[in-house]
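Q: Throw the hints in and build the complete structure from the sequences for me.
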Amino acid sequence: MKFGAKTLIENGVEADYLIPVFPTQSYPNWFSLATGLYVENHNFTADFMFDPNNTLFFERDLGVDDLNEKWWRANPAPFWYSVGKAGIDVHCYWFATCHMPYVDLVVQVPLTRRHSFKNDEEHDLYSYIPNIMKYIQKYQVYRKQLVLLRYDGLGKALRTHGEDSEQTVQELSNFDQQVRKIQEEMETWDLLRSTNLIVLSDHGLIKSEEQNQYYIEECIADSTKIKQIANSLAFALIWPEEEEEDTIFFELKFCDQWANLASVDYEGETKEVEPSVGVYRQHEIPERFHWRNSRFIAPIVLIAQPGYQLLTRQISSTSVSEKFGREWKMLDGWDNENPDLQGIFMARGPAFKSGYKGGPLEIVDIYQLVLNMLGVDPCHPNNGSWERVSEFLSDELEERSYQPQNFAKAHRNQSVGLIHFQ
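Numbering (the numbering used here), first residue to last: 17 to 438.
Worth flagging that the hints you see were computed from the coordinates, not collected in a lab.
Each hint should be verified, as a subset may be incorrect.
What the hints assert, rightly or not - Below, in silico cross-link-like pairs of lysine-lysine (DSS-like), each with a Cα-Cα straight-line distance of 25 angstroms or less: (1) LYS223 - LYS243; (2) LYS154 - LYS197; (3) LYS172 - LYS22; (4) LYS101 - LYS154; (5) LYS101 - LYS150; (6) LYS134 - LYS172.
A: Dropping the structure here:
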């Protein structure tokens with residue numbers, strides 16, 4: 017039996033790994049994938065957010081305010097907007113936010129194919145594949161196609177059952193079969209020479225362990241001085257009451273729960289090590305995260321080391337994220353440089369080399385890659401690197417220098433299928 021991923025890599029390309037944006041959560045990375053921008057430039061700060069000016073909460077599709085226009089208004093254009101405006105057909109299958117209107121364009125996505133964490137039912141991708149291929153083959157002579165699919169079965173199994181569970185092994189096998197089936201159908205419909213297939217996972221997960229949990233209240237003498245906490249687990253966004261920022265910051269900065277782990281005695285020598293939780297004012301957040309200037313950052317931010325978790329008992333917080341911390345076996349959100357949290361990229365098609373393994377890519381690189389293959393001009397400058405992308409491309413594409421104003425000179429007859437899995 018052929019293996020889907022192995023066949024794809026043997027006939028295409030594979031990146032060493034894919035670097036997500038921080039925080040390594042779903043929505044921040046989905047927006048970076050779609051716009052080519054770091055989080056502080058696209059402003060979808062986290063899976064769980066608080067808008068203090070309007071007292072609104074965003075809770076990963078599970079909150080009552082999640083569809084409020086204030087979360088979605090004035091966001092940068094996703095690549096499917098540019099593609100649609102260029103007259104290319106766009107088809108979305110549970111691809112996050114693809115059905116959301118943007119300015120003067122709405123991708124028509126049936127209700128049964130719209131993503132929402134609130135609708136947690138399983139999707140039968142198998143049944144859609146033959147019709148997708150038939151449609152591409154039928155209309156490609158007249159018009160290119162962009163097909164976006166998201167497969168979340170593996171991510172659900174990892175979060176719910178853990179990495180060593182039978183359910184995860186089965187879902188991994190299911191996903192590989194889907195990748196194999198897509199390539200077989202592409203071969204049947206003679207699409208391998210005209211259509212590019214990209215398969216990626218934007219970020220990984222880390223095992224959740226109860227002994228690594230901290231409760232924020234244990235650091236605070238008077239928890240009523242905290243107005244609101246948004247997010248939790250890998251990091252926490254903290255809004256103190258007026259006039260209390262300095263007090264709360266000091267108590268958190270020198271909290272015994274994590275501050276006393278800042279040095280260790282090793283063979284008679286005291287060596288400084290990073291505390292298990294970093295405490296920052298907004299302007300102190302490490303610049304490498306490209307996050308501190310994001311729209312919904314709080315005055316005080318706690319960032320835990322990978323594997324450590326931040327929870328609350330009484331302080332007002334985003335209850336959904338707290339629930340996940342108590343129920344899920346694997347979690348996300350930590351430092352995007354951690355190897356366990358990095359993603360996967362592989363692809364094949366006329367735009368790519370064959371049998372090639374290259375260096376790492378970043379999630380922000382994918383935006384320009386997709387637009388390039390479709391010959392579409394980007395709507396905005398992006399944070400991706402053409403130098404990182406170009407090593408994976410076939411000679412004709414690789415030799416063409418990256419000039420955004422000349423994107424329309426790219427391969428006009430190629431379609432793109434992008435499978436995003438978690």
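Q: Each hint: holds or not?
A: Status of each hint after checking the structure:
1. Proposed proximity of LYS223 and LYS243 is contradicted: the alpha carbons are some 30 angstroms apart, above 25 angstroms.
2. For the hint linking LYS154 to LYS197, the alpha-carbon distance of about 19 angstroms falls within 25 angstroms, and the restraint holds.
3. A threshold of 25 angstroms between alpha carbons decides the hint, and for LYS172 with LYS22 the separation of about 23 angstroms falls inside it, so the pair holds.
4. In summary, the hint linking LYS101 to LYS154 is supported, as the alpha carbons are separated by about 21 angstroms, within the 25 angstroms threshold.
5. This hinted pair checks out: LYS101 and LYS150 have alpha carbons roughly 23 angstroms apart, not beyond 25 angstroms.
6. Distance check on the hinted pair: LYS134 and LYS172 sit about 13 angstroms apart at the alpha-carbon level, within 25 angstroms; holds.
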